[in-house]
Amino acid sequence: MRKALVIIWKDILAEARAKDLLTSFLLYALLAMLIFYFALNPEIVDDAAAGVLWVAFTFAGMLGLSRSFFLEKERGGIDGLMLCPVEREYVFLGKVGSGFLFMFVAELLIMPVFSIFMNLPIFMPRLVLVAFLATIGFVSLGTLFAAMAANTRAQELMLPLLFLPTAVPLIIAAVQCSAAVLTGAPWGDMLSWLQMIVAFDAIFFVLALFAFPYILES
Amino acid sequence: MIEIEDLGKVFGSRWVLRGLNLRVEKGTTLTILGPNGSGKTTLLKVLATLLKPSKGRLAIGGRDSKDGAEVRRLLGFVGHEALLYEDLTALENLRFYARMYDVPAAEARIKTLAREMDVVPYLGEKVRTLSHGLKKRVSIARALLHDPPVMLLDEPETALDQKATGILFETLERFVGQRTVVMTTHNLERGLKMADRVIILSQGKIAFEGTKPFDPATFPETYFRCTGAPL
Chain A
4 MRKALVIIWK DILAEARAKD LLTSFLLYAL LAMLIFYFAL NPEIVDDAAA GVLWVAFTFA
64 GMLGLSRSFF LEKERGGIDG LMLCPVEREY VFLGKVGSGF LFMFVAELLI MPVFSIFMNL
124 PIFMPRLVLV AFLATIGFVS LGTLFAAMAA NTRAQELMLP LLFLPTAVPL IIAAVQCSAA
184 VLTGAPWGDM LSWLQMIVAF DAIFFVLALF AFPYILES
Chain B
17 MIEIEDLGKV FGSRWVLRGL NLRVEKGTTL TILGPNGSGK TTLLKVLATL LKPSKGRLAI
77 GGRDSKDGAE VRRLLGFVGH EALLYEDLTA LENLRFYARM YDVPAAEARI KTLAREMDVV
137 PYLGEKVRTL SHGLKKRVSI ARALLHDPPV MLLDEPETAL DQKATGILFE TLERFVGQRT
197 VVMTTHNLER GLKMADRVII LSQGKIAFEG TKPFDPATFP ETYFRCTGAP L
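Line by line, the protein sequences give chains A and B.
When you line the first sequence up against the working numbering, it's residues 4 to 221, in that order.
When you line the second sequence up against the working numbering, it's residues 17 to 247, in that order.
By construction, these hints were calculated from the structure, which means they are not laboratory data.
Treat the hints with caution; some may be incorrect.
The calculated DMTMM-like cross-link candidates involving lysine to aspartate or glutamate, where the alpha carbons are at most 25 angstroms apart (straight line), are [as the list claims (entries may be wrong)]: (1) B:142 <-> B:97; (2) B:68 <-> A:92; (3) B:82 <-> B:41; (4) B:209 <-> B:41; (5) B:68 <-> A:82; (6) B:221 <-> A:220; (7) B:82 <-> A:92; (8) B:127 <-> B:103; (9) A:22 <-> B:103; (10) B:71 <-> A:220; (11) B:61 <-> B:22.
Please model the complete structure; the sequences and the hints are all you need to start from.
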């Protein structure tokens, strides 16, 4: 497990230098929200708010994951990791750990901006919980598919093609949970969707953990 | 030290390595020659456990390649690419790999290798800003950090000019020591100089196998006969 932490630390250090992933995530998400804000009819903006938030998170997240593996492949960094005397599963844990960290921090930074756009309270702990849980499944699945797509010529195209159809249940559940939070619905109304997110997290984290070594070596 | 039995690797429907049998004794150097696409890099990647063989058996230091992490601990790899993170400094890269390999007294080991590779003044520089030659020297330091008994060198001279290639091979010759070395190269002179044994790969098969002494004057003819391509 210590090796996964070493990989996370390396990714944080590289990101602190390059400011590549956080910047692209933040810019993309903000632009997406801005476009939706002006494009949507003001009467339906409130109803569409949760959807707008997750469309921004989803596409910005995919961009970040794709970029993360591109940077790892640059100059053979992924080969360097694979040569280390570490089981591939720990490489996966390291990459999921850093991917989660970057995406969740970016989401936390975007939420207040989103609240201002949508005229909502700045701090919504339940929305933070939804984003936290959904990001685990998002990054687990995304890391697996980003590793797969990185070995193809059209990686920017492959990642959405592989990822989006599989992640649909997670995104629907996250949107439903977020909509319940934004409308002030009680916990009971979002519980079944939260359970779905947790189930998705558990299933796809384990599946991706075991599939990752085969993807790397194929 | 390295045993390969009936090794094959297929990509899609194309067999890139076909039924290779090879044994590299401890402390000896094997040079692999062959034209582009003959399977040299794939063979090195299989030896480095970066790729799984599609058939056959590979053992390094008496351990089956399926032992994964334990086998990788025995290997040092220098390839076309430096395998360094461009946004980190040379020192941060070496520290990262030292942690990944559990190198004891890592700071002292890094300093020693940096001195021997003559990269001390560049340790604080981002890898992105270093020349190819310097990157390669940092890359050799990375590969030697854990003092591996087996070195795999995949065309280490790639992208270097003649002078830098000369320095690189002199450095490699100094640090090979008692290690077992498998090297692919397009540099015939250097390749033959370092080798105890040479094989020529053609279309994924061993087309020639010989032990030293080699005659650099007649070798190009042998190479052409085996591969149909000039050296």
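CA of residue 221 of chain B to CA of residue 220 of chain A, is that 25 angstroms or under?
-> 22 angstroms, holds
Satisfaction of hint between residue 220 of chain A and residue 71 of chain B, Cα-Cα up to 25 angstroms = 14 angstroms, holds
Starting from residue 82 of chain B, check that the Cα of residue 41 of chain B is at most 25 angstroms away, please.
-> The given pair, whose Cα atoms are some 20 angstroms apart, holds under the 25 angstroms limit.
Could you grab the alpha-carbon distance between residue 68 of chain B and residue 92 of chain A and see if it respects the 25 angstroms cut-off?
-> With a Cα-Cα distance of about 16 angstroms, the restraint between residue 68 of chain B and residue 92 of chain A holds, given a limit of 25 angstroms.
Distance restraint between residue 209 of chain B and residue 41 of chain B, which requires alpha-carbon spacing of 25 angstroms or less = 18 angstroms, holds
Straight-line Cα separation of residue 142 of chain B and residue 97 of chain B no greater than 25 angstroms?
-> 16 angstroms, holds
Given hint residue 103 of chain B paired with residue 22 of chain A - CA-CA distance at most 25 angstroms = 10 angstroms, holds
Measure nothing beyond the straight line between the CA atoms of residue 61 of chain B and residue 22 of chain B; if it is 25 angstroms or shorter, mark the hint as holding.
-> OK: residue 61 of chain B and residue 22 of chain B at ~16 angstroms, within 25 angstroms.
Are the Cα positions of residue 127 of chain B and residue 103 of chain B separated by 25 angstroms at most?
-> Between residue 127 of chain B and residue 103 of chain B the Cα gap is close to 21 angstroms, so the pair holds against 25 angstroms.
Within 25 angstroms, alpha carbon to alpha carbon, are residue 82 of chain B and residue 92 of chain A?
-> Roughly 15 angstroms separates the two Cα atoms, so the pair holds.
Take a quick look at whether residue 68 of chain B and residue 82 of chain A sit within 25 angstroms of each other, Cα to Cα.
-> 14 angstroms, holds
In summary, the structure agrees with every hint in the numbered list given earlier.
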